[in-house]
Amino acid sequence: MRDDLILQVKDLSVNFYTNQRCNMALRGVSFDLRKGRTLCIVGESGCGKSVTANAIMQLLPDLSRIESGNITFKGQDGDIQIEKLPKNGKQMRKLRGEVMAMIFQDPMTALNPVFTVGFQMNEMIQAHTDLRKKAATEKSIGLLTDMGVPLPEQRVHEYPHQFSGGMRQRAMIAMAMACAPEILIADEPTTALDVTIQAQIFELMLELKETEHMAILLITHDMGVVAEMADDVAVMYMGNMVESGTVQQILNSPSHPYTIALLQSIPVLGHGKNQNLEPIRGMTPDPYHRPPGCQFAPRCDFATDICASRLPDESVFDTNHMVRCFHYEEIKRNKEIQHGKK
Amino acid sequence: MINFIIRKILALIPMLVVISFLIFLGVELMPGDAVDFMISPEALSTVSPAELEALRDELGLNDPFIVRYFIWLANILRGDFGYSLQSGVPVSQLMANTLPATLELTVAALLISTLLGSLLGVVSALRKGSIADNVLTVAGMIGVAIPQFLFGLVMIVVFVFNLEWLPVGGRMTPGRELFFQRLEYLVLPAVVLGLALTAGVMRYSRASMLDSLNKDYIKTARSKGLKEWRINLIHGLRVAMTPVAVLIGFRLPMLIGGAVVIEQVFQWQGVGQLFVMAVRSQNTPIIMMIAFFSVLMVLVSSILVDIVTAILDPRVKLS
Amino acid sequence: MGTRALQKKMDQILYREQHGLLKSSNKSRALRKILANKLAIIGLVLFVAITILCVFAPLFTPYQPNSIDLRNRLAPPTFGHLLGTDQIGRDIWTRILFGGRISIFVGLGSALGAALIGVSLGTYAGYRGGLLDATVMKISEIMMSFPQIILVSILVTIVGQNLWNLMYIFILTGWSSMYRMARSQMLSIREQEYIQALRAFGISKAIIAFKHMLPNAIGPIFVNITLSTAMFILQEAALSFLGLGVPLDQPTWGNILNVAQDLTILRESWWVWLPVGVAITVFVLAINFIGDGLRDAADPTLIG
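Residue numbers (our numbering), protein chains in the order written: chain A, 1 to 342; chain L, 343 to 661; chain H, 662 to 965.
These are computed hints drawn from the structure, not numbers from a lab.
A few of these clues could be false.
[As the list claims (entries may be wrong)] For each label pair, taking beta carbons as the anchor points, the in silico distance ranges come out as:
| id | chain 1 | residue 1 | chain 2 | residue 2 | range |
| --- | --- | --- | --- | --- | --- |
| 1 | H | H873 | L | N476 | 38 to 44 Å |
| 2 | H | D730 | L | V650 | 56 to 62 Å |
| 3 | A | R21 | H | I713 | 34 to 40 Å |
| 4 | H | I868 | L | R580 | 42 to 48 Å |
| 5 | A | T109 | H | H873 | 28 to 34 Å |
| 6 | A | L311 | L | K470 | 34 to 40 Å |
| 7 | A | R132 | L | K659 | 28 to 34 Å |
| 8 | H | K670 | L | V500 | 20 to 26 Å |
| 9 | L | V510 | H | G750 | 25 to 31 Å |
| 10 | H | I868 | A | D305 | 53 to 59 Å |
| 11 | H | L909 | L | F363 | 32 to 38 Å |
| 12 | A | T109 | H | V716 | 47 to 53 Å |
[Unchecked claim] So these bits of chain L aren't anywhere near chain A, every CB distance computed over 12 Å:
| id | residue |
| --- | --- |
| 13 | A450 |
| 14 | I573 |
| 15 | V581 |
| 16 | Q609 |
| 17 | V647 |
Glycine included, each C-beta is placed from N, C-alpha and C at the ideal position.
Can you make the complete structure from the sequences, with help from the hints?
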């Protein structure tokens, strides 16, 4: 298991400096990515999950930066500290595409509308290999075929707007897979797609994970996707990672009040319309007026004085189930009692 | 594509008929008639009313309005644009004499402003917030705010009176009529005429480039590990080009209007000067012809805009 | 901005943030953005200053704009004549102030007139659609296929040269761009759901268009009015230069500048043409600064 570790993120903090203000978008986030496993980062919009993905690729916007922490790529030729590399330098460019590739939420806007799909794929291939244009086009056609795009010889010469949404995302994945990367980062790759297409794209990603023994970092806000795709799960709230563990640990014994609330607020298919859904009370706080202690405290049913005073540390139990809460043991006990009553 | 162009040109015809009618109507409403301008006031007292009337008849000024309109239209279709009321020279010949000068001036100004404007705009966008960007932005705003003829006068004072580098006006020295020998005459008017357009193109291509650089596909390109110049100049610029081309196309009328003023400043004997002279002396055949011609240019340039857009943007279908 | 400058800026913000110096203010977002835009503030100050100087011209000069002093012809600037005199001895400073009255009046008046016509037509036709819209659209298309200066010159010769005619002509040739802008605003606002809701309540079309939709388009309209004002002032100057503007006996900025066509004056007497040229440029620049500031403030997608 140790040997499979491919990317390690430790205590990552990222600040945004727009509007003449400072928004601490990430406040000490840590996780590991392993080959052949999918890590899902889940959380509501604005919690910092996309920022995490962009920080790994060094794609953060101009007015933002990594304040502290490490992003370590464990390659065959030793470790590379990604956060220390110049943003658009040669080494970073080599990592992007060859080692880690990224697919985005909306393939319509993520592909350049004025270039053919083939041109954009060739560009990726030619940037990282010595292939000539003709060979690159052949490779692109092969990739499109592998990703299940029909009529690839014809499609490769078409523009993105001539593709359907699902095909566009397949083309995007084909492009990402062009140089056989070890890590695939997918930032909400199906949010812009129909539900049926969603399933197809996920199936493709699962298949690639198996055949290429790839590590996948999947960003999502959808617990359904988590249940379907994840091997490991990290739950984020307001720039903190509040809970992480294997998918069984998180879904079967959620220990952070936010995770519990999140799971309770989701309808389960087949449970009928009389389900007891509980929306999380209150609102996500303004990032410029953060609560001083635990970020979730103002909305938490279990909050006490200590929660408002400082941020809780990470506590680990059951080998690798991490939770950032002062009261998790108490909550667990309550739960067991409830279960006992039933 | 060819179908599209043909259809567009056919659609122009009713528009041109309406506009030609309006132009004719407008010129008809001008006070006085041409005869008054052809004869000096002293001579006028010696000419009898009958003789005046005969002259009017001869020039066709006494026919009913509609009749004269259709005669004029039919003549135009036959390539006969009438005669200057003062000199009697055919208008087509006057146009043939002046049009090359104006084309030379406007094409030069168009080239200068397009190249310079888009280059500076792109540099400005890529160096956003730098000193160069701020200087260019302010210079661009001044370029739009300064009256064109004032800028022309300032340039004359600087480059002609003080530095004595360039001639004050006109188009060529007799005997030295090759293109590169005439270049020293062309530089100032073309730069001055191009200025307002340059400023506009610069502002617009900066905004358009910034807009393009903020798009998701730039992030995708970066995530592919492409080089920065490739991201900016291939992905960023290629998309930013379309709106800039459209802007240039729609600003062409401004160039025609500007030429009227700039030709006056530099004594450039082109269509613009001819027009000002004709308006001052109410030389109606010339006014009508130039008005009609400039409208035609505007309409044709709008078709060009459509074609260029379709070439630059694969999402646009010509239909 | 260079990477280092960026880093420095971020360090500054971080420092202030950590020391609790940044508080979000209660001022409205749009107002804050205008105030943050230094150029817009400079523009506003210049605009107000020049306008006050011109409107209250008699307070700032002892001379009359048209009083001739033949003993003092083309006199360079002195204490008595701040900006010297022109070729028939009229005080230039005085003429610039009085000329500004007319030029600003023509520019602003024409822009407001064109806005009144263009916006009301655009609002109503844009919301109603149908034959009315198609007709007005066609008319505006015809108007816009003329190069402005050619159309204006022809119209000036038809109706004759005077101040009011010039304004009418500017309004006549200027409303179509306002109309198009207002119309396109209306077409996008029309699709929004609150408009559908109002229609479902059975509120009359005119009331929906003018009371509920127009206020939402007011930002772009103001921007357009400022930019048109600038454009008309420049056009007045260009027409006067061609001898087709306001009659020469009335001082306007364009008319004062007109004498620079005389190459001797251009060469020898800079004070006759340069100050007034600067006045036009600065005033137009100020208006454009304001317009840009308004545009940025009205655009919620721009982060201030």
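Verification of the supplied hints:
| no. | hint | verdict |
| --- | --- | --- |
| 1 | H873(H) / N476(L): 38 to 44 Å | 41 Å, holds |
| 2 | D730(H) / V650(L): 56 to 62 Å | 58 Å, holds |
| 3 | R21(A) / I713(H): 34 to 40 Å | 38 Å, holds |
| 4 | I868(H) / R580(L): 42 to 48 Å | 47 Å, holds |
| 5 | T109(A) / H873(H): 28 to 34 Å | 32 Å, holds |
| 6 | L311(A) / K470(L): 34 to 40 Å | 37 Å, holds |
| 7 | R132(A) / K659(L): 28 to 34 Å | 33 Å, holds |
| 8 | K670(H) / V500(L): 20 to 26 Å | 39 Å, violated |
| 9 | V510(L) / G750(H): 25 to 31 Å | 28 Å, holds |
| 10 | I868(H) / D305(A): 53 to 59 Å | 56 Å, holds |
| 11 | L909(H) / F363(L): 32 to 38 Å | 34 Å, holds |
| 12 | T109(A) / V716(H): 47 to 53 Å | 51 Å, holds |
| 13 | A450 | 30 Å, holds |
| 14 | I573 | 8 Å, violated |
| 15 | V581 | 6 Å, violated |
| 16 | Q609 | 45 Å, holds |
| 17 | V647 | 17 Å, holds |
Going down the numbered hints, you'll see the structure goes against 8, 14 and 15, while the others check out.
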